[in-house]
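For chain R, the structure is supplied; the task is to place chain H with the ligand on it using the hints.
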Amino acid sequence: MHTHHKSYQPYVSPFDPCKPMIEKTYSTPPHLYIGFQPPNLPQFTPMEALRAGTLWKAFYDPWYGPYEKKNWGVPS
Amino acid sequence: MWIYEKKLQYPVRVSTCNPMLAKFLIEQYGGADGELAAALRYLNQRYTIPDKVIGLLTDIGTEEFAHLEMIATMVYKLTKDATPEQMKAAGLGAHYANHEKALYYENAGGVPWTATYIQAKGDPIADLYEDIAAEEKARATYQWIINMSDDPDINDSLRFLREREIIHAQRFREAVEILKEEQGRKKIF
Ligand SMILES: [Fe+2]
Numbered sequence: 001m002h003t004h005h006k007s008y009q010p011y012v013s014p015f016d017p018c019k020p021m022i023e024k025t026y027s028t029p030p031h032l033y034i035g036f037q038p039p040n041l042p043q044f045t046p047m048e049a050l051r052a053g054t055l056w057k058a059f060y061d062p063w064y065g066p067y068e069k070k071n072w073g074v075p076s
Numbered sequence: 001m002w003i004y005e006k007k008l009q010y011p012v013r014v015s016t017c018n019p020m021l022a023k024f025l026i027e028q029y030g031g032a033d034g035e036l037a038a039a040l041r042y043l044n045q046r047y048t049i050p051d052k053v054i055g056l057l058t059d060i061g062t063e064e065f066a067h068l069e070m071i072a073t074m075v076y077k078l079t080k081d082a083t084p085e086q087m088k089a090a091g092l093g094a095h096y097a098n099h100e101k102a103l104y105y106e107n108a109g110g111v112p113w114t115a116t117y118i119q120a121k122g123d124p125i126a127d128l129y130e131d132i133a134a135e136e137k138a139r140a141t142y143q144w145i146i147n148m149s150d151d152p153d154i155n156d157s158l159r160f161l162r163e164r165e166i167i168h169a170q171r172f173r174e175a176v177e178i179l180k181e182e183q184g185r186k187k188i189f
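Chains as they are written, first to last, in this note's numbering: chain R, 1 to 76; chain H, 1 to 189.
Excised from the complex, chain R in its bound form (with noise of 0.2 Å):
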């Protein structure tokens, strides 16, 4: 299983204006690692793939921003 976010640490000066931020993050969504989808996946229920934008469990990757509370959605 491949994580869906990488993250890296930028160089930081003792002259940065702002408070730094140690640690920087990028999003690897799963779709980057499967290639051509393979058969058989498994998939969600109807409803909870039209809620999810996916009827593949493997291609879901929902993106939550700071403001809100994680996974109060789909099932993975």
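In case anyone wonders, no lab produced these hints; they're calculated from the structure. Yeah, the Cβ is synthetic: ideal placement off N, Cα and C, and Gly gets one too. There's no promise every hint is true.
[As the list claims (entries may be wrong)] Chain R is faced by these chain H residues, among others (derived, beta-carbon under 10 Å):
| # | residue |
| --- | --- |
| 1 | T116 |
| 2 | I118 |
| 3 | Q119 |
| 4 | R139 |
| 5 | N147 |
| 6 | D150 |
| 7 | L158 |
| 8 | F160 |
| 9 | R164 |
| 10 | R173 |
[What the hints assert, rightly or not] Lysine-lysine pairs mimicking DSBU-like chemistry, simulated, CA-CA at most 30 Å apart:
| # | chain 1 | residue 1 | chain 2 | residue 2 |
| --- | --- | --- | --- | --- |
| 11 | H | K7 | R | K69 |
| 12 | R | K57 | H | K80 |
| 13 | R | K57 | H | K52 |
| 14 | R | K57 | H | K180 |
| 15 | H | K121 | R | K69 |
| 16 | H | K121 | H | K80 |
| 17 | R | K57 | H | K121 |
| 18 | R | K69 | H | K52 |
| 19 | R | K57 | H | K88 |
| 20 | R | K69 | H | K80 |
| 21 | H | K137 | R | K24 |
| 22 | H | K137 | R | K19 |
| 23 | R | K6 | H | K137 |
| 24 | H | K101 | H | K137 |
[To be verified] Here's a subset of chain H near chain R, in silico, CB distances under 8 Å, partners left out:
| # | residue |
| --- | --- |
| 25 | Q143 |
| 26 | S149 |
| 27 | N155 |
| 28 | R159 |
Quick look at chain H with the ligand alone, frame taken from chain R:
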């Protein structure tokens, strides 16, 4: 030709009056990586791409119009009851002067949509790579808007739209694989 269903692809609910969020969402309406650009880009490329992937461009291009309608609904709901004063405070004063509450194809900075946002190179690989890039950029735009939004209902719809961008990118990547296949060789997927 198209058949229209008079409903949204995914429900759009808005919990708070927040015209500033409308200003940000306009990026996905009339911006370079927005839904209008996506729909027009894909539907236009169909004519000069190998037969095997025309249907994919039709499907995704059509779905982008469904997304455009969702974004339009959000922008409309977020601004329809805003006073001129609130529009000004949200950074939409210039928009109000020109368009009142009307929607317009422009980006978050107020720059009108232009066909130079999209390309049709006639080279199938070049065109599909542009499409993949467009999907990843639209996915990123949704991330940044969700990061700035504290409206849980809007974020729910935006999360759905971002997931669709992931699926579109996946399908365009698969289209490249189909066009790369050596002719006459047995497929092994
Ligand atoms: Fe898309």
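We went through each hint and held it up to the structure:
1. Hint status for H:T116: violated, given a least beta-carbon distance of 27 Å to chain R, over 10 Å.
2. A distance limit of 10 Å between C-beta atoms decides the matter here; for H:I118 the minimum to chain R is near 22 Å, and the interface restraint is violated.
3. Given hint, H:Q119 at the interface with chain R, is violated; its Cβ is 23 Å from that chain's nearest Cβ, farther than 10 Å.
4. With its C-beta approaching chain R no nearer than about 7 Å, H:R139 sits inside the 10 Å limit, and its interface hint holds.
5. Using the Cβ-Cβ criterion of 10 Å, the hint placing H:N147 at the interface with chain R is satisfied: the shortest such distance is roughly 5 Å.
6. With its C-beta approaching chain R no nearer than about 4 Å, H:D150 sits inside the 10 Å limit, and its interface hint holds.
7. Checking H:L158 against chain R: minimum C-beta separation of about 8 Å stays under 10 Å; hint holds.
8. Below 10 Å, beta-carbon pairs count as interface contacts, and H:F160 has one with chain R at about 4 Å; its hint therefore holds.
9. The criterion of a C-beta within 10 Å of any C-beta in chain R is met by H:R164, whose closest approach is roughly 5 Å, and the hint holds.
10. Hint on H:R173 holds. Least Cβ distance to chain R is approximately 7 Å, under the 10 Å limit.
11. Straight-line distance between C-alpha atoms of H:K7 and R:K69 comes to about 29 Å, which keeps the hinted pair within the 30 Å bound.
12. At most 30 Å may separate the alpha-carbon atoms for a hinted pair to count; R:K57 and H:K80 exceed this at roughly 37 Å.
13. Distance check on the hinted pair: R:K57 and H:K52 sit about 26 Å apart at the alpha-carbon level, within 30 Å; holds.
14. With a C-alpha separation of about 27 Å, the suggested pairing of R:K57 with H:K180 holds against the 30 Å cut-off.
15. Our distance criterion of 30 Å between C-alpha atoms is broken by H:K121 and R:K69, whose separation comes to about 43 Å.
16. Annotation: proposed proximity of H:K121 to H:K80 is violated, straight-line Cα distance about 40 Å (limit 30 Å).
17. Between the alpha carbons of R:K57 and H:K121 the distance comes to roughly 34 Å, so the proposed pair goes past 30 Å and is violated.
18. Between R:K69 and H:K52 the CA atoms are separated by roughly 42 Å; this puts the pair beyond 30 Å, and the hint is violated.
19. Distance check on the hinted pair: R:K57 and H:K88 sit about 43 Å apart at the alpha-carbon level, beyond 30 Å; violated.
20. Distance restraint check for R:K69 and H:K80: the Cα-Cα separation of roughly 28 Å lies within the 30 Å cut-off, and the hinted pair is therefore satisfied.
21. As the CA atoms of H:K137 and R:K24 are separated by approximately 18 Å, the hinted pair is consistent with the 30 Å bound.
22. At most 30 Å may separate the alpha-carbon atoms for a hinted pair to count; H:K137 and R:K19 meet this at roughly 28 Å.
23. Between the alpha carbons of R:K6 and H:K137 the distance comes to roughly 17 Å, so the proposed pair stays at or under 30 Å and holds.
24. Taking the CA atoms of H:K101 and H:K137, the gap is about 28 Å. The hint holds against a cut of 30 Å.
25. Using the Cβ-Cβ criterion of 8 Å, the hint placing H:Q143 at the interface with chain R is satisfied: the shortest such distance is roughly 5 Å.
26. For H:S149, the interface hint holds, since its Cβ comes within 8 Å of a Cβ in chain R; the closest pair sits about 6 Å apart.
27. Look at H:N155: its Cβ gets to within about 6 Å of chain R, closer than 8 Å, so that hint holds up.
28. With a cut of 8 Å, the hint placing H:R159 at the interface with chain R holds, because the nearest CB-to-CB distance is about 5 Å.
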